[in-house]
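Engineer: Residues per chain are reported as follows:
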Amino acid sequence: MALRMWASSTANALKLSTACRPHFSPLARCFSSGVVVVDGLKYANSHEWVKHEGDVATVGITDHAQDHLGEVVFVDLPDVGGSVAKATGFGAVESVKATSDINSPISGEIVEVNSKLSETPGLINSSPYEDGWMIKVKPSSPSELESLMGAKEYTKFCEEEDASH
Amino acid sequence: MGTRQVGNAALPLMNTVIMKGVPILQQLQIEECLLRTSSHNWCIINDGTDKPNIVMGISGKAGELVEITPVLQDKIPVIRRFTGGGTVIVDDGTIFVSFICNKSDVPDVQPYPRPIMSWSSLIYSKVFHGTSADFKLRENDYVFGVRKFGGNAQSITKNRWIHHTSFLWDYKTRNMSYLKVPKRAPEYRLARDHLDFICPMKDYISRSDFINKTIDATKTHFALSSTELPSNFQFTPTSKLLSRVELEAAANNESRG
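Residue numbers (the working numbering), protein chains in the order written: chain A, 83 to 247; chain B, 79 to 335.
Some clues are possibly wrong.
Stated by the list, open to error - Okay, the calculated beta carbon distance ranges per label pair:
| # | chain 1 | residue 1 | chain 2 | residue 2 | range |
| --- | --- | --- | --- | --- | --- |
| 1 | B | 266 | A | 242 | 33 to 41 Å |
| 2 | B | 200 | A | 137 | 46 to 54 Å |
| 3 | B | 96 | A | 197 | 23 to 31 Å |
| 4 | A | 170 | B | 91 | 54 to 62 Å |
| 5 | B | 265 | A | 227 | 24 to 32 Å |
| 6 | B | 91 | A | 242 | 38 to 46 Å |
| 7 | A | 227 | B | 182 | 22 to 30 Å |
| 8 | B | 236 | A | 242 | 16 to 24 Å |
| 9 | B | 286 | A | 228 | 54 to 62 Å |
| 10 | A | 243 | B | 115 | 25 to 33 Å |
| 11 | B | 217 | A | 204 | 35 to 43 Å |
| 12 | A | 228 | B | 209 | 56 to 64 Å |
| 13 | B | 237 | A | 238 | 16 to 24 Å |
Calculated from the structure, these hints are not laboratory results. Cβ coordinates follow ideal geometry from the N, Cα and C atoms, glycine included.
Generate the whole structure from the sequences, applying the supplied hints.
Structural biologist: As structure tokens, this is what we get:
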């Protein structure tokens, strides 16, 4: 609750409408631009996140990515049974005028695809870390996760990237 | 990627290809191949395409966007391209300009739709500077005042992006009747139909001046080198021509709601 209130007050200070902001779990942290990063996930420098639980890893794009892309209107995802390779594209999102590749943070076999995204692609905007998940993967090399960024490192990465533009 | 010293700046190199009358499907396939397989920056200009074609964005549904009965009757090709964005009908009056860039060669531009769009508008601001045109980037369209004259679309990969535009230098008003008013439209459109929403560039600038000034404006960001296209691509492009069967199925789906 305390973290959620902090995110809300920060958004108010930044004059952001909290009614329009995505909804996040209590593990969310909000950095200076109002964009949110969640503790416990790992992050790629191409702005995808991965959550490793047991022998399944869930993948999606971050709040930073969805915020910069704009309203997502279409998602192109692979089929179950296919494979993904670390740092390689596995699908795309369309927002306004652009298609943007989504790159997998890890290698492995796709065991589930979020079918809700075909009817409701906006879940990526409203719930990038929860309902907007994209694929679930059985990792072939779990050690790949070690080279990804943690929440604090990713926060710094995003702040530096935004500040340089 | 290489650079060339121009004055005090080391500008990144950009290959420039100027074509005339190349079929739009071929242009799109070339562009996707260059985006995915080349490591160079490219400016592709196609001065008109050979015949009228309807071109939808990657997620376009023909039944929602196109008047399929007259399209089938008049045998107008319908293409789904690899980039996002809306639907256009293009012909010999359209001038196409495409920029394919390495992110690292335009480091001041964040590789997201809006920053790329804004960067492109700086180039075209220079093109129309000194003309009577009231050029602006409005939402995601190039406009004169409140009328759209250029449609934009992009594809962004891990390390590169393409921003391409179809400019309505001139068009045939009857061709616009093949297009439906889209459900998703910019706010400034205000439910106007096509002929009240768009305008031609020809009242403001000649074709040759537009192309030459676009090349000149690009030189402020890149060192241009005229070149020919590679001949062998090891890549299968995804832009495709919809078949008659696909169009008829789209019409049936739309009528069933």
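Engineer: Hint by hint, say whether it matches the structure.
Structural biologist: Here is what the structure says about each hint:
The hint said 33 to 41 Å for the Cβ distance between residue 266 of chain B and residue 242 of chain A, and at roughly 35 Å that hint holds. Checked against the hint of 46 to 54 Å, the C-beta distance between residue 200 of chain B and residue 137 of chain A comes to roughly 50 Å, which is consistent with it. Checked against the hint of 23 to 31 Å, the pair residue 96 of chain B and residue 197 of chain A fails, with Cβ atoms roughly 45 Å apart. Taking 54 to 62 Å as the suggested C-beta distance range, the pair residue 170 of chain A and residue 91 of chain B does not conform, at roughly 27 Å.
For residue 265 of chain B paired with residue 227 of chain A, a C-beta distance near 43 Å fails the hint of 24 to 32 Å. Distance hint check for residue 91 of chain B and residue 242 of chain A: the Cβ-Cβ separation is about 28 Å, which falls outside the suggested range of 38 to 46 Å. Judged by the Cβ atoms, the range 22 to 30 Å given for residue 227 of chain A and residue 182 of chain B holds: they are separated by roughly 27 Å. Roughly 19 Å separates the CB atoms of residue 236 of chain B and residue 242 of chain A, a value that falls within the hinted 16 to 24 Å.
Between residue 286 of chain B and residue 228 of chain A the Cβ separation comes to about 58 Å, which falls inside the hinted range of 54 to 62 Å. For the pair residue 243 of chain A and residue 115 of chain B, the supplied restraint of 25 to 33 Å holds, since their beta-carbon distance comes to about 27 Å. Look at residue 217 of chain B against residue 204 of chain A: about 18 Å separates their beta carbons, and that is not inside 35 to 43 Å. Evaluation of the 56 to 64 Å hint for residue 228 of chain A and residue 209 of chain B yields a pass: the beta carbon distance comes to about 57 Å.
With their beta carbons about 22 Å apart, residue 237 of chain B and residue 238 of chain A fall inside the hinted range of 16 to 24 Å.
Violation of the numbered hints given earlier is confined to hints 3, 4, 5, 6 and 11; the remaining hints are satisfied by the structure.
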